[in-house]
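Given the coordinates of chain A, work out where chain B should sit on it, guided by the hints.
2 protein chains.
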Amino acid sequence: MVEGAVERVLIIGTGLIGASTGLALRAAGFTGRIDGWDQSSLELRAAREMGAVDGVAGNDWGALELARQADVIVLAVPVLAIKDWMQRLAPVVSAGQLVTDVGSTKLEITEFAATLYGGEGQAVFLPGHPMAGKESGGAMLAEAGLFNGAMWLFTPATQEPTALEAQWRSWIGFIGARMLDMDAKRHDELCAWVSHLPQMLSTALSALLEEEFGDAPEIAAIGGRALRETTRLGASPYSMWRDVALTNTKPIAETLLALEQRLMHVRENLRTPGLREEFEQANRFRARR
Amino acid sequence: MVEGAVERVLIIGTGLIGASTGLALRAAGFTGRIDGWDQSSLELRAAREMGAVDGVAGNDWGALELARQADVIVLAVPVLAIKDWMQRLAPVVSAGQLVTDVGSTKLEITEFAATLYGGEGQAVFLPGHPMAGKESGGAMLAEAGLFNGAMWLFTPATQEPTALEAQWRSWIGFIGARMLDMDAKRHDELCAWVSHLPQMLSTALSALLEEEFGDAPEIAAIGGRALRETTRLGASPYSMWRDVALTNTKPIAETLLALEQRLMHVRENLRTPGLREEFEQANRFRARR
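Keeping their order, the protein sequence lines are chains A and B. In this text, residue positions in the first sequence follow numbering that gives the first Met the number 0: the first is 0, and each later residue adds one. In this text, residue positions in the second sequence follow numbering that gives the first Met the number 0: the first is 0, and each later residue adds one.
Since the hints were derived computationally from the structure, they do not count as laboratory data. Any given hint could be a false lead.
[To be verified] Partial list, computed: chain B residues near chain A (C-beta under 10 angstroms): (1) 133; (2) 196; (3) 201; (4) 233; (5) 247.
[Claimed, not checked] Some but not every residue of chain B turned toward chain A, in silico, with C-beta under 7 angstroms: (6) 189; (7) 194; (8) 202; (9) 203; (10) 209; (11) 220; (12) 225; (13) 226; (14) 232; (15) 252; (16) 259; (17) 274; (18) 275; (19) 277; (20) 281.
A virtual CB, placed ideally from N, CA and C, is assigned to each residue, including glycine.
Pulled out of the complex, with its shape left as it was, chain A reads as follows:
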């Protein structure tokens, strides 16, 4: 047996990201065992039927039992549920095991991990965040290729990876993701800009249009790609974003305030050369991408 080899994986939360992780590992040639647990029996059954997991736990206690035997435990539930599982798993797992997560915010999780993991005799915790997803969740939308070309961020508290962590990172590479390590606080600030702000914006615009037009047929008739793209994320579920808003409140509020001020600036300059400057600055941003 290779030191630090990943032979058993437990995925807690077999929705879009969890089930896609299982499918992606299989597609990349992982031959070990993958177990799964989800509080929704529908998600769990879907994940098993599509081959994302081999076995499933019968309940939370069964999941903890499977956790004892796993090399790597992947927490693929919303952020506050990740913190719950971190607490429940800590007394069950030990040195030689790796717990990792896929939560959208990282500062609270990374700080919490430092209190429960990584010490003498304790399992290692690797905070992670794959930048992949869809506007709807669920195992039924899972794909082996979801992470292909996507960025998988890590915000480790410690510098030296264990052999097991190194192995797990290799698998993340095998499933096609690029990896980048960054500071957890910086992660949350950047994600507020590139992910949470676009989400809140799309939600606010969709809600505003719903209030303004409801089911007026004209909007469906004349709305084109611009409307479709800027409101697409309006379909995202509150269940996932609640925890993001709760665990990254200040950075998100700061980006929202900045955008409100920027929109006011545009509004006040619709008939002045200030609008040209705004378009030219926007053009520069896009030209870099």
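Just chain B now, kept in the frame of chain A:
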């Protein structure tokens, strides 16, 4: 010769929309002559080389001369330039000719048309607006299929179409567009919501990100589809949007103000059940689409 048959078309402005109109007419089986004029010799040459137009004017005067001989004159330039051409064409064209446009705002153009066209011995003016485009313009991006499935709006001042107008509408149908007639003021208010607000929003967000991050590599590394879609229109040129902002200022300002207030509401409710309501209302908007 069929009464009101369209046998000669002049396209003034052979950029993305103008050149695509020429290509689309040809692809739909139009066998008459199509002339073109553009103040940019590059656009004009590109349009001729791709077969969007057969002949070209040598200058503005040449375009007016071609206008005398055309059954239909299509004004495919920015809104204020459309108004200039409306004024210059009025004394040159006469009953039995149709002038139409593709401008993004319709109230000013429709009101202006009532003062210059549609009277005894005058040409008819049909205000139009194809809901099609790309974030970049230019003849090089023109496509025969650009209007396929797109909505082509009209805001006619009069109720009874002439035979020539009816023929032109048939051609718009042949090139694959759906058509809808609406009141010009209502058009501008609706377009403020579904087109101009998304544009200003995307420009403001892109400009804000440019100011915040410039060429920081992290943004490129972690920005995903959400960022890409919400900033795509940030590439749109000021040259086209200046006229939209100048001719639809009040409706655009109203939608911007409404969005600013909505973002403030989201910001103040990041940790309250108000966020759930906002997501649920947004979900309803998307579920209808």
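Hints versus structure:
1. 133: Result: holds, 9 angstroms to nearest chain A Cβ.
2. 196: Holds: closest Cβ of chain A sits about 8 angstroms from residue 196 of chain B, inside 10 angstroms.
3. 201: Result: holds, 7 angstroms to nearest chain A Cβ.
4. 233: holds, 4 angstroms
5. 247: holds, 9 angstroms
6. 189: holds, 6 angstroms
7. 194: holds, 6 angstroms
8. 202: This hint holds: residue 202 of chain B lies near chain A, its Cβ roughly 4 angstroms from the closest one there, short of 7 angstroms.
9. 203: holds, 4 angstroms
10. 209: Since chain A brings a Cβ to about 4 angstroms from residue 209 of chain B, closer than 7 angstroms, the hint holds.
11. 220: holds, 6 angstroms
12. 225: holds, 4 angstroms
13. 226: holds, 5 angstroms
14. 232: holds, 6 angstroms
15. 252: With Cβ-Cβ at 5 angstroms, under 7 angstroms, it holds.
16. 259: This interface hint holds because 5 angstroms falls under the 7 angstroms limit.
17. 274: OK, holds: residue 274 of chain B within 7 angstroms of chain A, min 6 angstroms.
18. 275: holds, 5 angstroms
19. 277: Result: holds, 5 angstroms to nearest chain A Cβ.
20. 281: Holds, because the Cβ-Cβ distance from residue 281 of chain B to chain A comes to roughly 4 angstroms (cut-off 7 angstroms).
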